[in-house]
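*Asks:* Each chain, letter by letter, is given below.
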Amino acid sequence: DIQMTQSPSSLSASVGDRVTITCQASQDITNYLNWYQHKPGKAPKVLIYDASNLETGVPSRFTGSGSGTDFTFTISSLQPEDVATYYCQQSANLPLTFGGGTKVEIK
Amino acid sequence: QVQLVESGGGVVQPGRSLRLSCAASGFSFSTYAMHWVRQAPAKGLEWVAFISNDGSNKDYADSVKGRFTISRDKSTNTLYLQMNSLRVEDTAVYYCTKPGRVARPYDAFDIWGQGTMVTVSS
Numbered sequence: 002d003i004q005m006t007q008s009p010s011s012l013s014a015s016v017g018d019r020v021t022i023t024c025q026a027s028q029d030i031t032n033y034l035n036w037y038q039h040k041p042g043k044a045p046k047v048l049i050y051d052a053s054n055l056e057t058g059v060p061s062r063f064t065g066s067g068s069g070t071d072f073t074f075t076i077s078s079l080q081p082e083d084v085a086t087y088y089c090q091q092s093a094n095l096p097l098t099f100g101g102g103t104k105v106e107i108k
Numbered sequence: 093q094v095q096l097v098e099s100g101g102g103v104v105q106p107g108r109s110l111r112l113s114c115a116a117s118g119f120s121f122s123t124y125a126m127h128w129v130r131q132a133p134a135k136g137l138e139w140v141a142f143i144s145n146d147g148s149n150k151d152y153a154d155s156v157k158g159r160f161t162i163s164r165d166k167s168t169n170t171l172y173l174q175m176n177s178l179r180v181e182d183t184a185v186y187y188c189t190k191p192g193r194v195a196r197p198y199d200a201f202d203i204w205g206q207g208t209m210v211t212v213s214s
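Protein chains in written order, with this note's numbering: chain B, 2 to 108; chain C, 93 to 214.
Be careful, since some hints might not be right.
Mimicking EDC-like on lysine to aspartate or glutamate, the simulated pairs with C-alpha atoms at most 20 Å apart in a straight line are [unchecked claim]:
#1 C:LYS157 / C:ASP202
#2 B:LYS43 / B:ASP2
#3 B:LYS43 / C:GLU138
#4 B:LYS43 / C:ASP146
#5 B:LYS40 / B:ASP83
#6 B:LYS46 / C:GLU181
#7 B:LYS40 / C:GLU138
Facing chain B, from chain C, some residues (calculated, C-beta under 8 Å) [unchecked claim]:
#8 GLY136
#9 PHE160
#10 GLY192
Output of the computed footprint for chain B on chain C, the stretches with three or more beta carbons under 8 Å from beta carbons of chain B [as the list claims (entries may be wrong)]:
#11 138-144
#12 201-214
Honestly, the hints are just simulated from the structure, not real lab data.
Remember, predicted model here, so these are calculated numbers, not experimental data.
Glycine residues also receive a C-beta, built at the ideal position from the N, C-alpha and C atoms.
Chain B on its own, in the form it takes in the complex:
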């Protein structure tokens, strides 16, 4: 199974700050890496697919990069509505696996 290691597990930043989350796969997954936003009581929402592609309708302040085993997710200017838990997920092979999540809060 492919293990996904995500860090940090939580962070607190000010509105307008740049926020970066990293995700490392235990083996090469080329670009089969997705990022989700999950707010309490709601369904997860895909933000980035295939490492760097912005899902339709998602604000451009969200970006993703990386390939192989190392990936980065960035919020260029943190907004109050971005408070959520973010997950990376590999879609290269079954079993599909998620990172442990990063809880993002406003300072």
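Keeping the supplied structure of chain B fixed, place chain C upon it in accordance with the hints.
*Replies:* Just chain C now, with coordinates in the frame of chain B:
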């Protein structure tokens, strides 16, 4: 609009069974693979099961293999998860979800249901 609506959750004793349903609408259900994903209380997301568009291929997380069965009915556009021999650690919100692209059965999940809560407790 494209929609997934789960039902069937509830409180059940350990060792008992439960069947979840997911009604799909607004897209060509029979052309997409489908998945179940769950989130236990205060835990992260966990992929549970996969079924191909025609139902011929299925796979499960090790944590549920041999106890859960995924199936689908193209006549009613419904996805199912039969859960047997339930354990306390199966307590979670269960989501059905679809991959974004027909040709990629493991693609990023673009549509999710609202989730249905399963509580396994004596």
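*Asks:* All hints are to be evaluated individually against the structure, with a verdict given for each.
*Replies:* Cross-check of the supplied hints:
This hinted pair does not check out: LYS157 of chain C and ASP202 of chain C have alpha carbons roughly 25 Å apart, beyond 20 Å. For the given pair, LYS43 of chain B sits about 28 Å from ASP2 of chain B by alpha-carbon distance, which is inconsistent with the 20 Å threshold. Our distance criterion of 20 Å between C-alpha atoms is met by LYS43 of chain B and GLU138 of chain C, whose separation comes to about 16 Å. The hinted pair formed by LYS43 of chain B and ASP146 of chain C fails the criterion: a straight-line CA distance of about 29 Å is larger than 20 Å.
Restraint check for LYS40 of chain B and ASP83 of chain B: satisfied, since their Cα atoms lie roughly 9 Å apart, inside the 20 Å limit. Distance restraint check for LYS46 of chain B and GLU181 of chain C: the Cα-Cα separation of roughly 25 Å exceeds the 20 Å cut-off, and the hinted pair is therefore not satisfied. For the proposed pair LYS40 of chain B and GLU138 of chain C, the alpha carbon gap of about 16 Å is at most 20 Å, so the pair holds. Checking GLY136 of chain C against chain B by beta carbon gives a least distance of about 4 Å; that is within 8 Å, so the hint holds.
Given hint, PHE160 of chain C at the interface with chain B, is violated; its Cβ is 13 Å from that chain's nearest Cβ, farther than 8 Å. Because the closest C-beta pair between GLY192 of chain C and chain B is about 7 Å apart, less than 8 Å, the hint holds. For the segment 138-144 of chain C, the proposed coverage by chain B is satisfied: 3 residues have a C-beta within less than 8 Å of a C-beta in that chain, meeting the threshold of three. Only residues whose C-beta sits within less than 8 Å of a C-beta in chain B count toward coverage, and the segment 201-214 of chain C has 6 of them, enough to reach three; the restraint holds.
In the structure shown, a violation is registered for the earlier hints numbered 1, 2, 4, 6 and 9, in ascending order.
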